[in-house]
Amino acid sequence: MAEALLDVRNITKRFATSDGGILAVDDVSFSVAPGEFVSIIGPSGCGKSTLFNIIGGLTGDYEGRVAVEGATVVGTHPAIGMVFQEESTFPWRTVEENVAFPLEIGGMAKAARMERAAHFIALVGLTGFERRYPAELSGGMRQRVAIARTLASEPRILLMDEPFAALDEQTRLLLGDKVLQIQQTLKQTTLLITHNLTEAVQLSDRVLVMTYRPGRLKRSVTIDLPHPRDSEVVSSEAFGHYVAQIWQDLREEASRGIEDAESRVRLQGARR
Amino acid sequence: MTMRALARTRNGARAVGIATTVAAIAVVEGLIRGGAINAYIVPLPTQILAALPRIIAEEHVLHRFWQTAQEVLWASLLLAAFGIALGALLYRFRLLRQAFEAWVGALAAAPIVLMYPLFLVIFGRSTTTIVMIGFAAGLAPVILKTAEGLSGTRKVLIDVGRSFKLSPAQQFRKVLLPAALPSVFVGLRLGLIFAMINIVGVEFLINFGGLGQLINELAERYDLPGTYGAILFVILASVVFFDLTARIERWLRPVE
Chain Y
2 MAEALLDVRN ITKRFATSDG GILAVDDVSF SVAPGEFVSI IGPSGCGKST
52 LFNIIGGLTG DYEGRVAVEG ATVVGTHPAI GMVFQEESTF PWRTVEENVA
102 FPLEIGGMAK AARMERAAHF IALVGLTGFE RRYPAELSGG MRQRVAIART
152 LASEPRILLM DEPFAALDEQ TRLLLGDKVL QIQQTLKQTT LLITHNLTEA
202 VQLSDRVLVM TYRPGRLKRS VTIDLPHPRD SEVVSSEAFG HYVAQIWQDL
252 REEASRGIED AESRVRLQGA RR
Chain F
320 MTMRALARTR NGARAVGIAT TVAAIAVVEG LIRGGAINAY IVPLPTQILA
370 ALPRIIAEEH VLHRFWQTAQ EVLWASLLLA AFGIALGALL YRFRLLRQAF
420 EAWVGALAAA PIVLMYPLFL VIFGRSTTTI VMIGFAAGLA PVILKTAEGL
470 SGTRKVLIDV GRSFKLSPAQ QFRKVLLPAA LPSVFVGLRL GLIFAMINIV
520 GVEFLINFGG LGQLINELAE RYDLPGTYGA ILFVILASVV FFDLTARIER
570 WLRPVE
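Protein sequence lines, in the order shown, are assigned to chains Y and F.
Basically this note's numbering = 1-based index in the first sequence + 1.
Basically this note's numbering = 1-based index in the second sequence + 319.
Hints should not be assumed to be uniformly reliable.
Among chain Y residues calculated to face chain F with C-beta under 7 Å, some are [stated by the list, open to error]:
(1) L59
(2) D62
(3) Y63
(4) S89
(5) I106
(6) A110
Straight-line alpha carbon distances no greater than 25 Å define the calculated SDA-like cross-link-like pairs of lysine to any residue that follow [said to hold, decoys possible]:
(7) Y/K188 - Y/G65
(8) Y/K111 - F/R411
(9) Y/K179 - Y/D231
(10) F/K484 - Y/G108
(11) F/K474 - Y/K188
(12) Y/K111 - Y/R133
(13) Y/K111 - F/I477
(14) Y/K111 - F/R572
(15) F/K474 - Y/L6
(16) F/K474 - F/R411
(17) F/K474 - Y/A5
(18) F/K474 - Y/L138
(19) F/K484 - F/R566
(20) F/K484 - Y/I106
(21) F/K484 - Y/W248
(22) Y/K111 - Y/L124
(23) F/K474 - Y/D231
(24) F/K484 - Y/D62
(25) Y/K179 - Y/A166
(26) F/K474 - Y/T13
(27) F/K484 - Y/R66
(28) F/K474 - Y/E98
(29) F/K484 - Y/D231
Coverage of chain F stretches by chain Y, computed from C-beta distances (three or more under 8 Å per stretch; other residues unrestricted) [what the hints assert, rightly or not]:
(30) 369-383
(31) 493-502
Please keep in mind that the hints were generated in silico from the structure rather than gathered at the bench.
Ideal Cβ positions, reconstructed from N, Cα and C, are used throughout, including at glycine.
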C-alpha cells in the first residue's frame, strides 16, 4: 500500500457528563492512502460524528494524533475539506457564489474564481443552476453544491459526514454515482462517515466497521469490486456478499445500540 | 377573481390594499357627514385632500418632508452602525449579554422623548438633538434583534466557516452577519418606527425642524385639514423608509 496520506493514530475521546463521563471513541487507529476511498460505518451513537469532528479539527481535547503526510494536524487544516450531514450551503449566496466561497476567502480575483467555480459546478452536474439560490434547489442538489464548494478548496482529503443521510434511497444511489465519478476524475482521497451499508460498499475501496459505544474499530473490509463503478454494482453477487459480510458485524453492534437505548428509556421511566 | 388568485399577483394585492383604504376613507367621510364623528375634531377626508395643494404651496410641506426624512436617515445610519455593533458585542461576550440584555429591553420601553430637555441642554435646539433622540429611541430593538440573529446562526454554517479557516473578522462578515440579516432587519425596521415617532414628536415639542414643527404650527392655527394633511406626509415618510429597508434587505438577501 502507498504511504498514508491521512494517518489517524490512537484517537480516544471522552465527554464529561453529570454521571461520570462517556467514552465516545476508544483507541481508533487507521490510515488512508492517496486516492483511496474509505468509509467508516457504525450504528448510531458509535462516535462516527465525533471522529469526523476530530479529524476535521472542529473538536479538540482528545488523546491521539491526526496527521496529514506525516505532519500532525491541530485544528482545521486546508488539506482536509469537510462536507457536513446537515444542509450547509449559504442561503444568501447563489450556487456559484457558494462554490467560489473558499476561493474568495483565499483572495482569488472574481473572474478567476467564478471560472474555477464553474469547473466544480460542472463536476457535480449543476451547470445551468449557477445563478440559483439554495432555496430554489432540491436537497440532493444542495448537497452537491456543498460538495463542489469543498472540492473548490482543493483539499488533499475529502471528509464527508453522511452527506446524503437526509435523502431518499434512489437519490442517494444516484448521488453515489456522482461521487464515484468525481472521485475517479480527481483521484480524490475520500473518507466517508456513514451508517448506510449499501452506500459504504457502493463507494468504498475499504470499509471500516465501528463498534457501538465506545467506538472502536472492529474490522476492516477491503471491497474488491471493479472500477469504474456505478449504482448498478448493487445488483452484483459480489456486492451482496460484501453487504452480508459487513452486516454480520454491524448487526451485533446495532442490536447493542437498540438495547442500550431501550434500557436508558426504562431507566428514565423508573426515575420518574 | 378569488381571494387566493388575487394574493398570487402583486397588482392584485396592491389593488385590495388601495380599495380597502379608499373604502375606509369613504366610511370616515360618511360618519363625519352623518354627525357620528365631530367635524370640529376630525376634518372631512375630502377637506384634507383639498388642503394638500395649499400646504404644498404655502406651507412648503415637501421641504419639511425632506428635513424630517434627512433626520430619519441620519438616525437610521447611526442605528445601523451602533445598534449592530452593540448587538454583536452582546453576542460575542456572554457576560455582557447576561448583564445588559434586560436593561436594553427596558430601554425599548422607556419614553425617551420625555428626556428632550436633557438633549436640548446637551445639543441645543438643533437638528442634532432631534437625530440623537430618534437614535436613542430606536437603539434597543436593533441591539436585541442583532444579538438574537447572530445567536440563532446555525452551527453547521459556523462550522463551514471554521473548516475553511476563516479569521474571526471573516467569520463575522461572511457567515454570521449574513445569516443574522433577516433578524437584524426586523430590528432596524422596529428601530426606524421608534426613531420616526420620536423625531416627529420632538420636532413638535421643540417647534423645530420638519413635519413635526409644521404640524405644531398648523394645529396652533386650528387648521385641521392642513394638520391632517401634514400627518399624511409623516405616514408617507414612514412608507418610504419601510420600502427602502425592504429593498436593501432584498438586495442583500434576494432569496430565502
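- Message: Please list, smallest to largest, the hint numbers that this structure does not respect.
- Response: 2, 3, 6, 7, 8, 11, 15, 17, 19, 21, 23, 29, 30
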